[in-house]
Amino acid sequence: MAARNLRRNRVRTVLAVLGVAIGVFAVATLGVFGNVLALGADDAIGDIGTQVVLSPNADAGVESLTDADVTAIRRAVGEPAVVPLRSDGAIVSGATDQQFATVYGVEQPGLAFTAAAGTLPERHRNGAIVGASVAESLGLAVGDRVEVAGAQTRVVAVLAESQTFSPVAPDDAVFLPESAFAGTGYDQVLVVADSGTAARAAAESIRESVNAREARVDVFELAAIVDEINEFFDLLGTFLLGLGGISLVVAGVSILNVMLMSTVERRQEIGVMRAVGVTRRDVLRVLLAEAGLIGAIGAVVGTALTVVVVAGLVVSTPAVDTDVVLDPSNGTYLALALTFGVGVGLVSGAYPAWKAANERPVEALRS
Amino acid sequence: MYSVSLRGVEKRYPGGGTEPVVALDDVDFAVEPGAFVAVVGPSGSGKSTLLNVLGLLDDPTAGERRLDGTDVTSLSVRERTAARKESIGFVFQDFHLLPTLTAVENVTLPTTFDPGTADDRAATLLDRFGLGDRLDHEPTELSGGQKQRVAIARSLINDPAVLLADEPTGNLDTETGESILAEFERVKREGVAVIAVTHDPIVESFADRVVELRDGVLSPGTDEDAPEPSARGES
Numbered sequence: 001m002a003a004r005n006l007r008r009n010r011v012r013t014v015l016a017v018l019g020v021a022i023g024v025f026a027v028a029t030l031g032v033f034g035n036v037l038a039l040g041a042d043d044a045i046g047d048i049g050t051q052v053v054l055s056p057n058a059d060a061g062v063e064s065l066t067d068a069d070v071t072a073i074r075r076a077v078g079e080p081a082v083v084p085l086r087s088d089g090a091i092v093s094g095a096t097d098q099q100f101a102t103v104y105g106v107e108q109p110g111l112a113f114t115a116a117a118g119t120l121p122e123r124h125r126n127g128a129i130v131g132a133s134v135a136e137s138l139g140l141a142v143g144d145r146v147e148v149a150g151a152q153t154r155v156v157a158v159l160a161e162s163q164t165f166s167p168v169a170p171d172d173a174v175f176l177p178e179s180a181f182a183g184t185g186y187d188q189v190l191v192v193a194d195s196g197t198a199a200r201a202a203a204e205s206i207r208e209s210v211n212a213r214e215a216r217v218d219v220f221e222l223a224a225i226v227d228e229i230n231e232f233f234d235l236l237g238t239f240l241l242g243l244g245g246i247s248l249v250v251a252g253v254s255i256l257n258v259m260l261m262s263t264v265e266r267r268q269e270i271g272v273m274r275a276v277g278v279t280r281r282d283v284l285r286v287l288l289a290e291a292g293l294i295g296a297i298g299a300v301v302g303t304a305l306t307v308v309v310v311a312g313l314v315v316s317t318p319a320v321d322t323d324v325v326l327d328p329s330n331g332t333y334l335a336l337a338l339t340f341g342v343g344v345g346l347v348s349g350a351y352p353a354w355k356a357a358n359e360r361p362v363e364a365l366r367s
Numbered sequence: 001m002y003s004v005s006l007r008g009v010e011k012r013y014p015g016g017g018t019e020p021v022v023a024l025d026d027v028d029f030a031v032e033p034g035a036f037v038a039v040v041g042p043s044g045s046g047k048s049t050l051l052n053v054l055g056l057l058d059d060p061t062a063g064e065r066r067l068d069g070t071d072v073t074s075l076s077v078r079e080r081t082a083a084r085k086e087s088i089g090f091v092f093q094d095f096h097l098l099p100t101l102t103a104v105e106n107v108t109l110p111t112t113f114d115p116g117t118a119d120d121r122a123a124t125l126l127d128r129f130g131l132g133d134r135l136d137h138e139p140t141e142l143s144g145g146q147k148q149r150v151a152i153a154r155s156l157i158n159d160p161a162v163l164l165a166d167e168p169t170g171n172l173d174t175e176t177g178e179s180i181l182a183e184f185e186r187v188k189r190e191g192v193a194v195i196a197v198t199h200d201p202i203v204e205s206f207a208d209r210v211v212e213l214r215d216g217v218l219s220p221g222t223d224e225d226a227p228e229p230s231a232r233g234e235s
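Chains as they are written, first to last, in my numbering: chain P, 1 to 367; chain B, 1 to 235.
Simulated from the structure, these hints should not be mistaken for lab results. Every value quoted in this text rests on a predicted model; they were computed, and no experiment measured them. For every residue, glycine included, the Cβ atom is placed at its ideal position computed from N, Cα and C. Accuracy of the hints is not assured; some may be wrong.
Which bits of chain P does chain B cover? Going by a derived footprint, with three or more residues having C-beta under 8 Å, they are [said to hold, decoys possible]: (1) 134-146; (2) 336-346.
Distance windows between CB atoms, simulated [what the hints assert, rightly or not]: (3) 17(B) x 339(P): 48 to 56 Å; (4) 94(B) x 11(P): 23 to 31 Å; (5) 16(B) x 8(P): 34 to 42 Å.
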């Protein structure tokens, strides 16, 4: 009955359905886009959160970290790899060019870095491991001769481009064996965990044990940045959803309008229904069904449109990964938008339906 | 036992000025099963109000109202709706059929939300009124007389005790109007009390009894000296 009533004024119904469709489309696409952005960012910066960088706490007068410190750290973190580093700045010269770069002394580079060319030795004793950008700008390949701070040596490996943000930036650095450095202290210690959670746990235990009596190390958790970035995307996502929500509200107003007009037009009819013995509840159900139908059809159309547009986006933009788009969390947004569409229909239709169902038949028939 | 009766019924509305409007003034009115009563009177005399009160669409401000012997003077909205569904049929001047429904669906309208189907009963009724070949037609495809017949069928779907008609021939030509009144006769012979409010003298001629409502006063009321009928069908 509800469906037939809607068909009476097709244009009006179609327009109301369109309003809901657009609203649902807005909520769904903005929700999905926000989610895709967040997921993509997560993907891209996923590795960041796995590192913890420890430096000597200059405020406490600690200038460098000792072997004892490193052992303490190793004991505190357990599983994750601990890579102590010495660092300095120096001029690096290739065959034709030279530049200033950070030079690190490291013993087990394989624990923290990956090579794009050559192999990383288990223990670094000879040669230089060159970061991706340095290699590119100086035109260095494995086996080439390179001069670092006046000393000649050969390139044993070129590192892969780094995916992480870090105070230890391997792309612009050159890695020599520890022996190339004078002195015994470490300037930094890298802790490389498998996941953000593991890194966070490691940082915690370092704070608790190594820094228990005095704050010897400065703990820099990249996870903190990741958290902030995620928070940003959450905010962005919520904001976008809010924008989409506004258009759904507008759709709701349009349904309210349509239902009000249609129940006023049908005043006598509704009066007759009540006169012949149809209960108020049943009248309410028919009218709510009409509003709900508008919402439901609009929601389905809007959701279908969203799927089409998102699919189109994946096909046309290489920047958006198919995996990210097919992530099930996007499905939640679609379901949410669908529910909202139907909900808006029912909520907006409730007042006109209630008003019409409760009108006294005598008044309704009089008109 | 009367199908429907009013005793000392009064209907007042708060008026525009200081005086309340008295639409019905101490009305005594009773109709036996199988009787056809016409209510005449000038416009504004309260005829519609009378019909509304009889039809449980409105409540009297004073007095007593009975349906098949049961006191139905003050009922809740839900009870009134149920009583209308079960015992009262309405026929209006404007037919008031739902345009989106077919003839059969219009006839079964009072039972639409009940479990089961009354389609067979509806088909039988429509057949009886000569509309057997128009069961699936919508109101736009029916003539005035046919629409009124559908409306009568609708009013009978639940086997009511009373049929209330508001100017049933108002929108029909004389010939069609007469055929509708013939249907009323058939209906009354089945024991339904038929009450028609009308301006049409032809309706008066078909009625067993004519009462006049003027300024809220009904005359004559019931024939209080007449014995109450013991069985349905006697008038």
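Verification of the supplied hints:
For a cut-off of 8 Å, the count of residues in the region 134-146 of chain P with a CB near a CB of chain B stands at 0, and the three-residue condition is violated. Three residues within the 8 Å Cβ limit are the bar, and the region 336-346 of chain P against chain B gives 0, so the coverage statement is violated. Distance hint for residue 17(B) and residue 339(P): a CB-CB separation of about 55 Å, consistent with the stated range 48 to 56 Å. Look at residue 94(B) against residue 11(P): about 26 Å separates their beta carbons, and that is inside 23 to 31 Å.
Our hint of 34 to 42 Å for residue 16(B) and residue 8(P) holds, since their Cβ atoms are close to 37 Å apart.
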